[in-house]
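Use the sequences and the hints to build the structure in full.
Protein chains: 2
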Amino acid sequence: MPAPVTEFELIATLKSHLPLTAAVVHGAGDDCAVLAPPAPGHELLFKTDAIVEGIHFLPETDPQKIGHKALARCLSDIAAMGGTATAAVITLALPAAPEGERIEGIYRGIRKLAERHGVAVVGGETTTNPGRLLINVALLGTVRTGRAVLRRGARAGDAIFVSGELGGSIHGHHLDFEPRLAEGRWLAETGCVHAMIDVSDGVAGDLPHLLQAGETPLGAELLKSAIPIRRAAREAARASDTAKPSVVAALTDGEDFELLFTVAPRDAVPVLDGWKAKFPGVPLTCIGKVVDRPGLWLRGEDGLRPMIGKGYEHFR
Amino acid sequence: MPAPVTEFELIATLKSHLPLTAAVVHGAGDDCAVLAPPAPGHELLFKTDAIVEGIHFLPETDPQKIGHKALARCLSDIAAMGGTATAAVITLALPAAPEGERIEGIYRGIRKLAERHGVAVVGGETTTNPGRLLINVALLGTVRTGRAVLRRGARAGDAIFVSGELGGSIHGHHLDFEPRLAEGRWLAETGCVHAMIDVSDGVAGDLPHLLQAGETPLGAELLKSAIPIRRAAREAARASDTAKPSVVAALTDGEDFELLFTVAPRDAVPVLDGWKAKFPGVPLTCIGKVVDRPGLWLRGEDGLRPMIGKGYEHFR
Chain A
4 MPAPVTEFEL
14 IATLKSHLPL
24 TAAVVHGAGD
34 DCAVLAPPAP
44 GHELLFKTDA
54 IVEGIHFLPE
64 TDPQKIGHKA
74 LARCLSDIAA
84 MGGTATAAVI
94 TLALPAAPEG
104 ERIEGIYRGI
114 RKLAERHGVA
124 VVGGETTTNP
134 GRLLINVALL
144 GTVRTGRAVL
154 RRGARAGDAI
164 FVSGELGGSI
174 HGHHLDFEPR
184 LAEGRWLAET
194 GCVHAMIDVS
204 DGVAGDLPHL
214 LQAGETPLGA
224 ELLKSAIPIR
234 RAAREAARAS
244 DTAKPSVVAA
254 LTDGEDFELL
264 FTVAPRDAVP
274 VLDGWKAKFP
284 GVPLTCIGKV
294 VDRPGLWLRG
304 EDGLRPMIGK
314 GYEHFR
Chain B
4 MPAPVTEFEL
14 IATLKSHLPL
24 TAAVVHGAGD
34 DCAVLAPPAP
44 GHELLFKTDA
54 IVEGIHFLPE
64 TDPQKIGHKA
74 LARCLSDIAA
84 MGGTATAAVI
94 TLALPAAPEG
104 ERIEGIYRGI
114 RKLAERHGVA
124 VVGGETTTNP
134 GRLLINVALL
144 GTVRTGRAVL
154 RRGARAGDAI
164 FVSGELGGSI
174 HGHHLDFEPR
184 LAEGRWLAET
194 GCVHAMIDVS
204 DGVAGDLPHL
214 LQAGETPLGA
224 ELLKSAIPIR
234 RAAREAARAS
244 DTAKPSVVAA
254 LTDGEDFELL
264 FTVAPRDAVP
274 VLDGWKAKFP
284 GVPLTCIGKV
294 VDRPGLWLRG
304 EDGLRPMIGK
314 GYEHFR
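In order, the protein sequences belong to chains A and B. Using our numbering, you'd call the opening residue of the first sequence number 4 and step up by one each time. Using our numbering, you'd call the opening residue of the second sequence number 4 and step up by one each time.
Keep in mind the hints are simulated off the structure, nothing from the lab. The structure presented is a predicted model; accordingly, all values stated were derived computationally and were not measured. One or more hints might be untrue.
You can't tell identical chains apart in this list, so a pair holds if it fits in one copy or across any two.
Unchecked claim - Computed list of lysine to any residue pairs in SDA-like fashion (alpha-carbon distance at most 20 Å, straight line):
1. K247 to G121
2. K227 to P133
3. K18 to G298
4. K18 to G217
5. K281 to E304
6. K292 to I232
Below, the structure written as C-alpha cells:
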C-alpha cells in the first residue's frame, strides 16, 4: 500500500511540474524565485488578485476552472495595460477538509492557461483558511517602456470600444474566459489607444474609471442598440419576468473581463479594421463616445437618458 | 455629518498614501503597477506569502503588528536570498464585520516597515473572506546577477551559522521581528555563503532544506550548548513543568525568521568577525557543522544523539 500522500506532499509534487520559461533562473523551491530582468527597453507590470470560495466560485465548481479563473483574472489586468505576462506565484489557502483532488485540478487549470500564454509559475505557497478555499495569484509582466496603456488619457470626442460580448458572465463565462492578452498588446502597439481598462464590474462600473482618471471629469454617451450582449444575458432576460433587461445586464453584470478603451475619432475605423484582420474571431464594437458632460448617458429609441442614479431607475 | 466611509473608500484613501520609490512608474490605481526594470547586472526576486486570522495572528492582535508581520515574512525571504526588496502588492481578504480601524492599523504597520526598507507598495486589492481576515503579500526584489544565495550549496565540513536567537517566538517576536535584509545582503556580498534559508519552521525543520537540497543528502551536528536561546523560550521553559526544554523550543518552535547559513570552515572566523563589526547589535552564532552522515545530530553532555524520530523523543 503506498504511503498516504499529504496535501503538502502533493503540492511539492505539483510544484516540480510547474510551467517554466527561459526567463526563470530558479523556480519554485527556494526562499524566492529568481527571474531574468525584462529585455532592454521594457518596464515591469505587477498585479495581485484573489478569488474566494462562495464568492468567486462555488464548492462544486470544476477545480480546473477555479484554477483557470484565478490566473485569468490577473492576466486580464496585464492585457489591459498592453503587456505580456511572464511569471506568476500562487497562494493556496486551503480549508481543513481533504482537498487533494481539487488541488490537482486547480493546478491543472493554472498550468494549461499559463502554458498557453507563456507564463512561468515560479512559486506555490500554501496556508490554511478554515472553511473556504482562497487562491491568490500575483503576476509579473513586461511592457515596452512608456507604452503601458493607463486608465487615464481619454478625451472628449473619443470613440469607446469594447471587445467580445457583455453580460450574463455568471452563466459560465467567468470561469472559462480567455484573457485578451494578444489583443491588448496589439492595441498598445497601434499607439492609438488613449485609455484602457478590463471590464470586471460591468461597463457601467468600469467606464467611469476611464472618465474620471484625468484632471477634468468626463462623461460618456453609449448607443443602446450597439451594446454587444452575450447570448447568456439574452436568455436569462427572456427566462424570467423579474430578470434585468438584457442590455442592463450587459452594462451592469460583472466579470466580463473584456477590454474597454477609447481612441480618437479619426483612429476608430483604422483600429476596427486592423482588429478585424488580426482577430477575426473576437468581436470589437464601438459602443459610444466620450463627452464633456460628466455622467453616463444611454441613447435609445426614447432619446438620451442618464444611466445611473434616478435616471438609472427610469432606464430599468 | 460627514458621509459614512465605506471600507472600500477607506482603502482608496490609504492607497493614495502608500510608500513609493524612484522605481515606481505608476503605483496603485491602474490595472497593474508599472515599475522600472532592475539596474543593469541585476536579476529579479519574486515571492508570495499569506497570513490568516486564527493561525498567524489573533482577532485581538494589534492591527499594526498584523500588517508588519504580513510584509516582514516576505521580506525575510528576500533577505535569505541576499537580495534587496523593491515593491509589494497587498491583498486584504476582509471578514464581513466592519474593519475600518483594523485596516488603517494594518496599512500603518505595512507602511512603516516598507518605508524603513525602501519598499514601494504599488497595489492594494481587497476581497471578502467571510469569518476571518487574510492578508497576502507579493514582493519583488533584486539581486546581483548570479549572486542570489540558494538553499543548495552546503558541503560536508561547512560551519553552520544562525543570526539572532531562537525559540519562543509566539510570545511576541513573530509579530515584531525585523527582517534581516541588510545582514542577508552583506552575507551575499562576502561571496562566502554556500547555502542560506530563513528559519520559519525552526532550525530542526529548516536545516534539512539546506542539507537535502543538493544531489547527496548531508547531515548536521549541532552543539547543544551553542544554540542561542531567546529569553522568552527560557522563561516559558521555566514557567511550566510540561513545557518543552528551552533548547528544544529553540530548535523546533516556528517563526524565528532568522538567517541560517553555511560557510567553508576557513571562512567561519572572517565571516563572524566581519559580521560583528558590521552588525554589533545582532548576534551571530556558529551552532555546528555539516557532516556526510544524513540526519540531524545534537552534541550534549551525554554525547551525540539524533535529534529526530526516536532519538528526538529521547532528547526531549
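Can you tell me if K281 and E304 fall within 20 Å by alpha carbon in one copy, between copies, both or neither? neither (34 Å within a copy, 76 Å between copies)
Up to 20 Å between alpha-carbons, please classify K18 paired with G217: within, between, both or neither. between (43 Å within a copy, 17 Å between copies)
How do K247 and G121 come out at 20 Å by Cα distance, when the copy is not named: within, between, both, or neither? For K247 and G121, the Cα distance exceeds 20 Å both inside one copy (39 Å) and across copies (49 Å).
Measure nothing new, just compare the shortest in-copy and cross-copy C-alpha distances for K292 and I232 to 20 Å and report within, between, both or neither. Answer is within; shortest intra-copy Cα gap is 18 Å, inter-copy 68 Å.
First find the shortest C-alpha distance between K18 and G298 inside one copy, then the shortest across copies, and answer within, between, both or neither for a cut-off of 20 Å. For K18 and G298, the Cα distance exceeds 20 Å both inside one copy (48 Å) and across copies (25 Å).
Please sort K227 with P133 into within, between, both or neither, judging by C-alpha distance up to 20 Å. neither (45 Å within a copy, 38 Å between copies)
Violated hints for the displayed structure, listed by number in ascending order: 1, 2, 3 and 5.
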